[in-house]
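Model the full structure from these sequences, guided by the hints.
Protein chains: 4
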Amino acid sequence: MGSNSFGTIFRITTWGESHGKAMGVVIDGCPAGLHLHEDEINRELALRAPGGSPYTSPRKEADLAEIYSGLFEGKTTGAPLSIIIKNQDSDSAPYHALKETLRPGHANFTYLEKYGLFDYRGGGRASARETVCRVAAGAVAKKLLAHFRITLSARIGDTLKEAALEAKEAHDSIGGIVELTTSDLPTGLGDPIYEKLSANLAKAIFSIPAVKGFEIGSGFASASMRGSAHNDPFTQVDGKIRTKTNHAGGILGGITTGMPLVLRVAFKPASSIKQEQESVTVNGEKTTLKFSEKARHDPCVAIRAVPVVEAMCALVLADHLLMNRLSKL
Amino acid sequence: MGSNSFGTIFRITTWGESHGKAMGVVIDGCPAGLHLHEDEINRELALRAPGGSPYTSPRKEADLAEIYSGLFEGKTTGAPLSIIIKNQDSDSAPYHALKETLRPGHANFTYLEKYGLFDYRGGGRASARETVCRVAAGAVAKKLLAHFRITLSARIGDTLKEAALEAKEAHDSIGGIVELTTSDLPTGLGDPIYEKLSANLAKAIFSIPAVKGFEIGSGFASASMRGSAHNDPFTQVDGKIRTKTNHAGGILGGITTGMPLVLRVAFKPASSIKQEQESVTVNGEKTTLKFSEKARHDPCVAIRAVPVVEAMCALVLADHLLMNRLSKL
Amino acid sequence: MGSNSFGTIFRITTWGESHGKAMGVVIDGCPAGLHLHEDEINRELALRAPGGSPYTSPRKEADLAEIYSGLFEGKTTGAPLSIIIKNQDSDSAPYHALKETLRPGHANFTYLEKYGLFDYRGGGRASARETVCRVAAGAVAKKLLAHFRITLSARIGDTLKEAALEAKEAHDSIGGIVELTTSDLPTGLGDPIYEKLSANLAKAIFSIPAVKGFEIGSGFASASMRGSAHNDPFTQVDGKIRTKTNHAGGILGGITTGMPLVLRVAFKPASSIKQEQESVTVNGEKTTLKFSEKARHDPCVAIRAVPVVEAMCALVLADHLLMNRLSKL
Amino acid sequence: MGSNSFGTIFRITTWGESHGKAMGVVIDGCPAGLHLHEDEINRELALRAPGGSPYTSPRKEADLAEIYSGLFEGKTTGAPLSIIIKNQDSDSAPYHALKETLRPGHANFTYLEKYGLFDYRGGGRASARETVCRVAAGAVAKKLLAHFRITLSARIGDTLKEAALEAKEAHDSIGGIVELTTSDLPTGLGDPIYEKLSANLAKAIFSIPAVKGFEIGSGFASASMRGSAHNDPFTQVDGKIRTKTNHAGGILGGITTGMPLVLRVAFKPASSIKQEQESVTVNGEKTTLKFSEKARHDPCVAIRAVPVVEAMCALVLADHLLMNRLSKL
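Chains as they are written, first to last, in this note's numbering: chain A, 149 to 477; chain B, 149 to 477; chain C, 149 to 477; chain D, 149 to 477.
Honestly, the hints are just simulated from the structure, not real lab data. No experiment lies behind these values; they were computed from the predicted model shown. From the three backbone atoms N, C-alpha and C, an ideal C-beta is built for every residue, glycine too. Among the hints, erroneous ones may be present.
[Unchecked claim] One-sided and incomplete, this derived list gives chain A residues near chain D with beta-carbon spacing under 7 Å:
hint, residue
1, 156
2, 194
3, 243
4, 263
Structural data, given as structure tokens:
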């Protein structure tokens with residue numbers, strides 16, 4: 149169990165609420181001997197930071213990760229890495245007014261139904277603030293991947309930024325698509341049947357707030373393709389077996405082919421918008437909801453999600469890289 | 149670990165190869181007291197059976213499930229249910245000719261890379277034959293859902309059957325999309341953060357062979373929508389809180405809203421086609437691959453996957469239905 | 149979850165009731181490439197077989213294991229091994245008379261409390277018959293250990309057999325102690341904190357029916373020892389670091405020292421005896437309980453438990469042997 | 149996986165080294181709605197604190213737990229509880245001198261073998277300092293147990309304190325036995341086969357540093373008892389089914405009978421003593437080892453382990469209390 153943990157061997161557990169004291173992540177299962185420095189984590193956090201561009205929320209928070217355990221003389225020891233990021237700049241007052249109102253597109257209704265109570269300040273545990281822990285843990289996973297010469301990179305299309313600015317002016321928000329590709333991967337990553345690399349990537353991505361769709365390689369387009377066009381012919385390149393095309397997106401039968409991984413993620417538009425919206429209270433009475441002009445919200449969560457998508461994929465790859473040590477005698 | 153297991157509380161473990169003696173599934177964590185009969189499983193297996201229509205593979209196999217344990221006087225006892233389905237009608241000869249050839253779009257290359265050896269007969273463990281176990285286990289999960297008045301139903305579009313026939317005539321295959329919807333769900337199913345209902349559905353679906361894409365509710369379309377249009381306004385209907393629209397597809401923050409679950413799955417075209425294809429041998433030498441005219445392959449895996457999509461969703465829902473007993477004091 | 153599974157990487161799931169059709173075990177996580185033959189499993193089962201000596205129950209059952217999956221051309225493939233042992237020679241009639249009576253020292257009361265119903269025939273799922281699956285799986289684990297040159301051996305004291313015969317004559321039963329030692333082990337097996345080798349051995353052993361005590365190395369005797377006598381001095385032997393004594397029993401801080409593992413297990417006397425016993429019915433009414441003269445029960449479960457203790461330890465060692473591949477970069 | 153986690157539903161993950169910045173524990177799976185205050189945790193930590201008596205180590209450290217997440221308006225929210233205890237008063241200098249020396253009875257050899265490096269300061273991750281996290285988490289588990297009217301209490305024998313003082317004067321250490329009993333428990337706690345309550349207690353207890361033996365109810369004494377004396381007759385008391393005696397120690401077939409749980413734990417003498425000891429260096433060269441007169445070590449770890457034994461048992465009981473919600477329809 150443990151709904152706040154992710155991964156099997158390289159396993160993270162996150163904690164913290166948006167307006168609590170801090171956010172944190174414990175990484176268990178990182179092999180001993182990995183060189184690591186707090187700065188490497190903080191560089192990744194800076195990429196996720198809000199306030200850096202007109203496309204994202206103006207909340208200013210110097211996210212600084214501190215490693216509390218698991219490191220000795222600059223290397224991981226095999227003991228759990230505890231990384232803590234303090235919360236700052238959180239004014240809970242605007243949320244008090246909304247504590248009785250169900251927010252359309254938001255999780256406060258479902259959390260209340262599940263738990264009977266909800267830390268409504270800033271979205272509490274349901275806030276996208278939690279993703280800071282994923283990026284911090286992903287930075288460690290990337291170090292492990294780099295050690296094995298694997299790199300990955302996510303991006304959005306150029307027109308998305310324009311659409312985000314337009315939406316912002318209209319006091320609205322917009323969805324978006326993030327695409328991720330990797331360098332050539334080692335073959336053999338991913339397990340058969342229920343622990344397919346593709347299945348674990350799908351879970352990792354759908355655990356990110358606001359994700360509504362996920363595809364690998366040819367994805368939804370493959371539904372209208374024929375096998376003769378879709379099958380990637382095998383060939384030999386520089387003594388290695390490769391495929392001529394990569395409709396598979398780097399995975400066959402749940403296991404890596406050695407080709408780059410290619411995937412796409414659809415994000416819905418942010419649910420928090422500065423327009424008046426119909427809703428009901430927790431007791432079912434009609435009401436309207438409107439955020440103040442000063443409220444800080446991202447017009448497009450997809451833009452800020454780019455490093456989160458990278459982090460989640462890095463976590464899955466790190467996990468399967470270790471898992472793959474177990475397949476043969 | 150356990151790459152052949154799925155689920156946390158209602159947990160299945162499957163075993164068996166396409167051309168081995170039998171396929172089997174062990175279900176652990178089914179509550180005691182559920183009425184169950186082998187016939188209920190066999191009715192579901194009949195829906196999955198090949199040979200029933202021109203759109204699917206002509207392999208004829210009377211899939212009969214036998215319950216070996218966990219049942220006493222017609223009810224589950226809390227002990228593991230072991231369900232076994234014998235394999236019949238398997239001629240391994242055609243596969244011997246292919247044992248040295250990498251099959252485009254197929255898993256034999258990746259399994260060989262991972263394990264160093266491969267039971268190539270009929271696709272071995274990588275065969276879609278394994279899904280018979282999922283459908284058998286899904287039948288038990290559906291019984292549990294029915295006990296709590298939850299139903300689900302998957303389907304393909306009408307034009308897909310035509311496209312499949314055309315592809316078959318052209319000795320080719322075609323992809324397709326399966327859509328699943330449910331009755332209204334209880335609120336509160338799904339856990340936050342990494343065990344979101346959506347994340348576990350994504351994993352469940354991407355563990356099915358040939359899946360390339362998955363979306364919930366508005367899915368990929370949400371990427372070009374604005375928040376003001378996408379947000380589902382809350383309202384009260386018959387004393388219950390509901391949303392007027394259902395772009396969310398029944399899930400907010402990973403937890404059910406009480407509205408129907410809606411999801412879509414993209415399947416690639418089947419990789420086995422009766423055309424000559426370029427490939428290489430396991431040693432990297434150029435070769436070509438052609439299945440005999442008599443080979444039995446589905447022109448469209450999406451059609452036969454309909455009950456598998458249902459089964460996997462039923463398993464996830466049954467699991468979260470039990471998990472939800474743990475959320476409050 | 150999965151209360152019928154054991155192990156993390158080398159993971160077994162067992163199913164079956166004493167008087168059901170068969171007993172079975174699925175082994176997931178056995179590395180590919182291990183030579184294995186059904187006969188190797190059946191040799192281990194023969195050691196566990198009842199009826200072979202006056203000290204044990206006369207129930208005659210030719211336990212024959214059949215491997216249903218996971219093996220190809222004499223080697224494991226990385227796919228799950230499904231092993232099935234048919235049940236024979238089971239007459240459920242004597243148990244019908246007892247279905248309303250709580251049996252002292254037996255699990256029928258607690259199962260009824262937990263599940264609300266109980267397959268009382270032969271003890272159902274609670275029967276020691278389940279251990280046949282452990283021995284079968286243990287045989288595979290031993291093959292893996294043998295591949296890495298590890299052997300283990302369990303035994304009882306000589307006087308126990310005499311005591312068992314005396315108890316049998318008195319229509320009674322007797323407890324006993326089983327001791328297990330291994331060859332020198334590789335260093336580094338066992339994880340820190342909660343996955344100590346010692347902790348997992350303790351769990352493995354206490355999962356065997358009728359176990360009441362477990363100790364490693366100096367065990368309970370260490371409670372009255374002083375540190376100066378208990379500490380095992382390190383020394384160098386043939387270029388390897390060893391300890392002069394082995395009060396630790398082969399484990400320090402939960403991780404193997406390279407010395408032999410030494411442990412002892414206390415079994416209670418069998419609860420089924422041929423004397424009249426006081427009890428109550430499931431409704432709490434006073435009653436007495438007496439097994440017929442013909443009933444087949446072991447006077448001393450410790451004697452038959454010897455191969456079960458070996459099997460459980462082999463499973464734990466196999467698991468940690470694989471787990472240890474994950475500790476370093 | 150996750151060797152620093154314990155429990156299935158009520159699941160803890162601990163982190164921190166003896167001489168690092170802090171120790172911490174994340175509790176995932178505590179139901180929402182439990183009243184909790186930091187003071188309740190700190191009261192338990194005070195019982196574990198060193199320096200409070202002549203029998204224990206004089207290290208003075210005000211262990212103050214701070215709850216960083218998971219609490220809102222005095223109640224748990226269902227989100228993970230993160231509890232952090234700062235480290236103070238740690239002088240690593242004495243350990244530098246020992247960094248090349250293998251310490252008899254201590255884990256530095258095995259950690260070095262496993263990980264290739266070791267944070268030797270104060271025992272690093274292998275230090276009993278980690279148990280502060282168990283006691284903090286155990287305090288939360290006890291609150292949950294109290295909500296269901298379950299209490300537990302551990303103790304040592306009176307003569308152990310005298311023996312500890314004598315050993316201390318002799319610059320030596322002594323082992324000891326801790327016994328734990330509970331109030332009457334609800335019936336039905338514990339799962340069959342591999343998740344027996346007894347098996348999980350055995351694992352919990354053997355995960356505590358320095359434990360060498362564990363027994364439940366009649367324990368090792370049962371090995372020389374006869375069934376007619378050992379079987380606990382069922383009877384009815386105040387409308388409840390109970391047993392007249394409790395050799396079972398509260399558990400039959402791995403599941404609670406409703407009688408009090410009774411268990412005993414054997415601790416070895418502390419390995420750190422102020423006498424000169426033979427050893428070898430990490431390179432296998434002969435050396436001797438002697439702690440300074442000022443070094444702070446417990447002469448008897450069993451005495452300080454009392455609240456740790458309580459905490460681990462509370463964690464297991466809390467876990468099974470929740471798990472038991474899943475057994476029936």
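Now for the hints, and whether the structure bears them out:
1. At a threshold of 7 Å, the smallest CB-CB gap from residue 156(A) to chain D is about 6 Å, leaving the interface hint in force.
2. Evaluation of the residue 194(A) hint against chain D yields a violated restraint, the C-beta minimum of about 23 Å exceeding 7 Å.
3. Because the beta carbon of residue 243(A) sits about 12 Å from the nearest beta carbon in chain D, more than 7 Å, this interface hint is broken.
4. Interface hint at residue 263(A): satisfied, since its Cβ lies 4 Å from the closest Cβ of chain D, which is below the 7 Å cut-off.
Checked against the numbered hints listed earlier, the structure breaks hints 2, 3; every other hint is satisfied.
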